[in-house]
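2 protein chains.
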Amino acid sequence: MTSPYCITIDDVKTAAGRIAGVAHRTPVLTCSSLNGLSKGRHLFFKVEALQKTGSFKFRGALNAVKEELERRKKADNDTALHVLTHSSGNHAQALALAAKLAGGSATTGSTAASTNVQATIVMPSNTPTVKRNAVQDFGATIVMVEPTNKARREKAEEIRQNTGASFIHPSEDPRVIAGQGTVCLEMLEQVQELTDKPLDVVIIPVGGGGLASGNIITLRSVLGDKVKIVLAEPAKLDDAKRSFEAKELLPHDPSNNLDSVADGLKTTLGPNTWPIIRDKADDILTVTEDEILLATKLIWERLKICIEPSAGVGIAACLGEEFQAKYPTQEYSNVGIILCGGNVDIVKISKKIEEAVARQSA
Amino acid sequence: MTSPYCITIDDVKTAAGRIAGVAHRTPVLTCSSLNGLSKGRHLFFKVEALQKTGSFKFRGALNAVKEELERRKKADNDTALHVLTHSSGNHAQALALAAKLAGGSATTGSTAASTNVQATIVMPSNTPTVKRNAVQDFGATIVMVEPTNKARREKAEEIRQNTGASFIHPSEDPRVIAGQGTVCLEMLEQVQELTDKPLDVVIIPVGGGGLASGNIITLRSVLGDKVKIVLAEPAKLDDAKRSFEAKELLPHDPSNNLDSVADGLKTTLGPNTWPIIRDKADDILTVTEDEILLATKLIWERLKICIEPSAGVGIAACLGEEFQAKYPTQEYSNVGIILCGGNVDIVKISKKIEEAVARQSA
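Sequence order for the protein chains is X and W.
Under this note's numbering, the first sequence has 379 at position 18, and the numbering climbs by one with no breaks.
Under this note's numbering, the second sequence has 417 at position 56, and the numbering climbs by one with no breaks.
A hint or two may mislead.
In this list, chains with the same sequence are indistinguishable; a pair is considered to hold if it fits within one copy or across any two.
[Stated by the list, open to error] Under the rule of at most 25 Å between Cα atoms (straight-line distance), these lysine-lysine pairs were calculated in the DSS-like manner:
id, residue 1, residue 2
1, K400, K492
2, K400, K461
3, K434, K461
4, K709, K374
5, K627, K641
6, K602, K589
Simulated from the structure, these hints should not be mistaken for lab results.
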C-alpha cells in the first residue's frame, strides 16, 4: 500500500534513530497551577524551547542533513556535502548547527573533507543581528538579500545551480517533516511514564506545517482516532484554518495584517504539509494577539520556561473559550501541548505583554 | 565523633529519602553558547527554578514538615500538626505547599485529621498580591504585619505561644538546611551521567545561607577538598563576604543600600549556617547589580529558563573578572551552578535589564 502522504511513521522512526544522541530528548513538564487555570485538566508540556538552537527545527534539519550524508555514502559520493536554505528564523540556526554537528559526528567517512558539511543560509537584510550572529557562530555562510520572499527564493535557486548545494526547505522537505514528527514520538513515551491514561488531545502550533504534519503522522499511527489533534494559529495568520474550512490550500487572506507577535508562524502550508493536515487534523483554532501575549507570560511565570510567542499560541488556544466549550474536561482531561521554541527578545516582548495586561484590565 | 555543625551528610541523605517522589528531581542543563562565554568551561546548571513552588526552598520545607510528622507519630501524638513561619518570599510558598502535600501523603496516620497539616505564614503587609495569592491557594493561613523584621518575629512568636505551632525558620532550621543539601546530592549524580570528570568548582548564591551550608556539607562529604566551593552574593548584600573575611558573623553593613534586585538574598547568615560557611567554603565573590541583571538576561535568552535575579548571582560571579582570574579554565573546567529560583515579575525586571544594557553600551 502506497501512502498518499510524503512520509510514513517509518520515516519518523528512522529520523528518531538518526538524531538520537545529538538532538536533546527535551523534557515534558507539568504545572499544577496551569492545570488549575485549565479547569482541572492535566497539561503535559513538551518543551522544545530546550532543544538545541532553541526550537524543534533542529530535529528536522539534522534528520535531513544526516539522510543526505547517508545517501551520498551509499552512492560512494565523497565530495563534501553543502546544504542550503533561506530563513530568517529558527530553521536558519537549526540547519547551521545541524551541518556543523552532523559533519563532525560522521567519523566513518572516508576522508576528513567528506565529513565536513558546508551550510549556506540566505537571509533577508532585516534579520536581527543576534540571529545573524548565531548562524555565523555555527560556521554557516550567510548571503543577504532584500527582505522579500521572491528575492530569497531566487537567490537560493541561483546558489543551488551554481554550487550544486542541496536545498532543504524549512517545512516542505519530507525529511524535515519526519524529523519534526519525533517530538510526539518522545512525548507519548514520556507521558506514559507520568500517567496511566493516554493523551486525549494534542495541541500543535501551525505555521508552515512541518511540525503539525509530522506529528499528525506520529499521533495517528500510535493513538489512531482516539486522540484529538487540534492545531492552533494566530487569527492574523489564519491560512491553515481558512484552508481547512474551504478544503483547499489557500494563501494568507490579503486583507489580513500579517504582523503577528508569533512571527515564527508567518509561513504558509505547502503541497507536502497540507494534505496531511487536511485529512488527519481534527480542528484548527485561532487566537488573538492579546491571548498569545498573556499565555506567553503565563508560561514564563508559572512553568519558568522562556518560550517565544509562537509557542504561546498552543496554550492560548487551550485556555480559550472555544477549546473549553468544545472539549470539556471530563472527556478531554489529558492534554499535550508542544512549546515549539524559545528564541525571543524578552525585553521587547515584555513591553507588548505589559500593554496587553493593561488592555485586559481596562 | 560529634559534628561541630548542626547537620551531617546523614541528615542530607535522610532528607533525600523523605522528599523523594514529592519534590522534583530538577534537571541539570548545559548550553554550549554559555560555555563559550565562560572561556570554554563546561557549565552545569542545576535548575531549581523548576522545583515545586519555583525554588529550592520546597526541599527544606518539605523535609522539616515530614520530620515533624514522623516525630509526632513516634511519640503517638495524634493532634494535628500546625507549622508556622514568617516570610514574604519563596519559603512562604514552599512551606504552604509542603504542609498541603505532606499532610495529604501521610496516609498511614491514625485518623484523617492527624494527617492534615495546618500552615500559618506571617507576611509583611507590603508583600506583592501575587505572592500572597500563591500562599493562600495552597491553603495556608496568612497573618499580615507591619513590614519590619521585629514585627514579623514578634507576631510569629505570639502565634507559636498561643497555638503550639512548630516554627520552621527559613534558613536556620537544621531540617531545612539538610533538605537544601539534597540539591548537590542530585547534581553530583546527574553530572556524573553527563561527563566522566568531576566538578572542579560549585558556585552557590548565598543569602540566609541555608542553601549554601546544606550543600557545603554535601559537597565536602562526597568530593572532599578537591572541589572549590564559591559562594556568590550581591555587593549590596555582602554580609557573608564581610563575615568570611573578618572570621566573625557580621550583619549587613549599615552604610549599604540593601535595595538589591536579588531580593531573595537579603536575609543574613545565622548561628547554624555561619559556622559551616566559615570553616568549609573556599571563597565568597560579590557581583554588581548590573552584572546580576545581564547574567539573568543571559540565562533567560540562552538557557531559556526564567530565573529570578537571585539565581543570576551565581552565573554573574562565574562570568566576572575575579572568578576568571582566580580560577583559570585549565584547572577549573567543570563548574556547577545552582539556579536557585524562578519567582520573578519578568515585565518589571525586563525594564531594569533594559536600563542595564543601555548603561553597558554607553
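So, going through the hints one by one against the coordinates:
1. K400 to K492: Between. Shortest inter-copy distance 22 Å satisfies the 25 Å Cα cut-off; intra-copy 38 Å does not.
2. K400 to K461: Close across copies (20 Å), not inside one copy (45 Å); limit 25 Å.
3. K434 to K461: within (18 Å within a copy, 60 Å between copies)
4. K709 to K374: For K709 and K374, neither the intra-copy (39 Å) nor the inter-copy (44 Å) Cα distance is at most 25 Å.
5. K627 to K641: within (22 Å within a copy, 55 Å between copies)
6. K602 to K589: Classified as within; 16 Å inside a copy, 57 Å across copies.
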